[in-house]
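Asker: Spelled out from the first residue to the last, the chains are:
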Amino acid sequence: MPLLSVTDLRTHFHTRNGVYRAVDGVSFTVERGETLGIVGESGSGKSVTCYSIMGLIPMPPGRIESGSAMFDGVDLLRCSAKEARAIRGKRVSMIFQDPMTSLNPYMRISEQVIEPLLIHEDITRKEALARALAMMEAVGINDAAQRIHYYPHEFSGGMRQRVMIAMALITRPELLIADEPTTALDVTVQAQILDLIRSLQRELGMAVIFVTHDLGVVAGLCDQVQVMYAGRIMETASAEELFKRPLHPYSRALQRSIPGLQPKGRELYTIQGLPPDVSKPMPGCAFAARCEYAAETCNAAVPVLTEVSPGHSHACVRVLSGEIGADA
Amino acid sequence: MPDNILELRDVRTYFPIHRGFLLKRQTGAVRAVDGVTLSVRQGEVLGLVGESGCGKSTLARTILQLVPATGGAIILNGRPLGGATRAEMLASRRDLQMIFQDPYASLNPRMTVHATLAEPLLVHGICGPRDVQAHVDELMRVVGLAPRFAQKYPHEFSGGQRQRIAIARALALRPKIIVADEPVSALDVSIQAQILNLLAKLCREMNLALIFIAHDLSVVRHVSDRVAVMYLGKIVELGPAAEVIDRPRHPYTRALVSAIPVADPGIERTRKRIVLAGDPPSPINPPPGCAFHPRCPYAVERCREAVPPLVPAGPGREAACIRLDELPASGT
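Listed in order, the protein sequences are those of chains F and V. So for the first sequence, the numbering used here puts the first residue at 1; every next one is plus one. So for the second sequence, the numbering used here puts the first residue at 1; every next one is plus one.
Calculated directly from the structure, the hints in this document are not laboratory data. Any given hint could turn out to be false.
Said to hold, decoys possible - Cross-link-like lysine-lysine pairs, in silico, BS3-like; alpha carbons within 25 Å at most: (1) V/152 x F/280; (2) F/126 x F/90; (3) F/244 x V/272.
So here's chain V without its partners, still in its complex pose (with noise of 0.2 Å):
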């Protein structure tokens, strides 16, 4: 076993559509996650980006376990998760945490950030009763909140601080890997950098390894070693952070990629810019072949027929593309 710590093969998460009250019948279903194969090693921080409903989120809720894989599996430390009896689920949430995007709504109003933070301390016996309090100011430092904070409610916190309280809650069990699901997208862009330079330190202090989630990509290439893009619950582009964001293969990476704007009015407008046509089409019946060809601008009748896998494309890449090596090259 090498030092993958967190394997996920051809994982599927459907959501099923029923029809009718009494006879109630699977009429289709939301393919929200469709086959997703990925390895994360440890220390390891991996961007995950896409537009919303690509299944970025349904991905996230089902490596935790909140929500059913309809298929596949999930390898935590060698082990399957999907299966688990309660006891090994337990076990297994201690290495798996997770940082939820909105801090006004992942934190009990009703627990004091001491409660918060001890909770999970005393659940997984981590600590006795007596020394919780310690566990719990070391924690609270760690994220760079004062302990003399420990006694108020999360109101009396404002976003970011919130924030620091839900990392420092993740961080409790000494996890080996965290998924954090747009942890600053909804902060200001002063207060983000803050979070971000703490996730930062502590993946590198803690050899933690970090599933990042956002649909920023400036956010996801300044933070991450690798990113994968998703689209309509697949993965459509891998490899390294850096280099999928400056010269991405798949036409949808580089479609995301011209959208975002640049801080730079030189080159704002003057770069080239691929607008996509339309939305996202319906998980519920994706086109056939790939899914992104009615928007793709290098589509053509191939790409109808069958829908295409994962190909190495240069060091370390991989793309879904059946003309990659037809494309022009792009670049920054």
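For reference, chain F alone in the conformation it holds in the complex (with noise of 0.2 Å):
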């Protein structure tokens, strides 16, 4: 039985404006220890994802329309608060883009990196410390006994980033979800921070969503990948499989597009307009207006994802069908 088990999710935010379908029917599945990347542009809904399956939308003026996200039994979009509290925090915690903003910069990084752990266990403030401490050395940060004292101002973005991890793994949760964790970073410190996650999961042997819109970070971290855009998921394949073998014209376009994987001073290949605006209701695939192989028959309804080898699927209908070949 999967760790997390996803359903036909939509989150829809109900404006003044119109109804945006932020993520508009959605199922995956993660395992344990296994790492599931989204990646989408910003719009795509992959935030949203995971902010639903957190209890961390707005309502109003969201809601989540329909759908189910089973963690072990437990349905975590529909639980009561009281159930919610028990696996939020303890059992599935979360990382934030942005480190600068995530702190809550009135209270000492101590206090808040044993938070979760004086909620969720029973254990005195010393013994809290003391754990926390050796996380904040796990998570590569020096002097962690003086440190762990100072504000969060008195860090750097990749040091306070640390801190948000040792925050969200004291724990020792089941599922980490990290929306967009190195965005925010430099490369070289980027590189420290994936390190660190990888090296922590083999340790923990947790399973981590990781969201991100950078397809280099997707390769080297992610077991799956899942393509997002317009709420709804396009490909998802092994990260191997998406990038030897991507199917979905989406897919191929957005690795045809960055400028590492393609030879020097050769024009980039780009999409063509705009994504969809969410809010008017796309009555057959969202990426048709844009796509080169758009046909009538990807405006007739909304293309189902369908596995076509194991762990292999993609929603569109033209591919199914053989109309567009793998390497057209």
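Taking the hints as your guide, dock the two standalone chains into a single complex.
Answerer: Have a look at this one:
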């Protein structure tokens, strides 16, 4: 049984300007110890997916219209506040994108790191502090004994992100949700943080959902990757498969527009147009308006994510029917 | 005077740190740019890379005279920029333009596209009020925007479109050189490719020199002819873009290159990575000698003694490391 299984999740935002379908029918599973990457451009619904699972969607204007997120027999979308509290921050924890704003500037680091322990475990302050200290050392903070008593502003961006990771991992969660944890950091610091997540994951055997827009990060870290666009999953495959044999036109276009993968000086492939307005109903494929292979059939119905080989699914009717070849 | 459109000679920009309120005295300085010597040829794209805080944005602002240089000379078209009178400065601004990182902050929200693009044309007397419309339309077409959007305000556009407006504004005066400070880092991959293609096309067609600042090495490698790597206010390596990034010589460049995630699981999982320890040191109190030595895996005692100068390191290449010949070869 998978650790987390999300089925047909729909999170919509009801605003004065209409209903924004931020997440529109997303299903996936995460096995124990597995790393799932969610990639997509801004507005593709990758963060909202995570926030929905964690119960962090502001309601109103947000509303979870349908779906379930079963975590070890408990539906995270429907459980009582008490049940949610027992899981959130203890068995599932989250790291946010911006380490500058996600720590409380008025609280010492020590207080923030031990908070989840004091809430979730029967533990004395002293023991909690000792565990926090060990955790701070594990995430690579030098002079932890002294620096644990600092305030967040006394830390650099990379160090704050380490504190966030320490805070998220101190309860030894079974699932870690990392929402663009390295986007605000420099590449050299990003490399440190990715190494850290990898080694801690191996040690604790936890599953990770890693949200990013950087395909490079996904390549090195994730087992399974799903590509999101306009609130829907376009393709999901193992990392190797997705890079070697992307099937959906959107995944292919995304790869062809990365400078690092293209010969120097060659004009980069560009996806024409702009991401769709998710407040307008989309009867067909969300990518059809920008897709160079789009045909009549694409606008007829929302394409269903279909498995074509073990672990590899995509939602393109034309690839599925064989009208577009794999190397088109 | 060769075809160097812009020359920087030992440019330094320090920000003083003051203590005290009534008896204000200077207690130190942030050495944001600390002795940069560079030249840019006509039509050349020079990439400038480095981590945040290395001084690349301050260097850009110093070139544009948006912050005063503490020392050194900036020579545009053979004429020094420092000490220019207001009128002279206005004239040199015509040749020197800037594109900023955040298209959400760099456009005036209360000005229409037309007003934004017409302002420089009128200030510099490029055209009279009568033919301004035709000029604005042409500029919008050049950057791929339909002229019928001229009466819209910035908030009605997406990030990529706003960056196109910012580019059009920079092009309005037909400059010889544009400094682009992280022009694509606020944009999504698919939009980023559009803007990169546009910049490359404009440079080619208008024989425009471009200083392209970015932290994303793969982007820089793609667009630049040459690349300069900065660390703590100094240039540590300089040379043809593809060579510097594929076969870096300086230990810092090696670490930087190895830290970029490659979008290919085959390569990404097998390659050896140099993970640097710690953060860049403070530019207020830089380490003695080579500023990189506390994080450098190859550092020896000698590295602490003197600041290493940029020395030739292969054809058209320079690097600032005293152990260049002792280091193992690098390659991809």
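Asker: Determine for every hint whether it applies to the structure shown.
Answerer: Evaluation of the provided hints:
no., hint, result
1, V/152 x F/280, "holds (22 Å)"
2, F/126 x F/90, "holds (19 Å)"
3, F/244 x V/272, "holds (21 Å)"
Hint violations for this structure: none, all hints satisfied.
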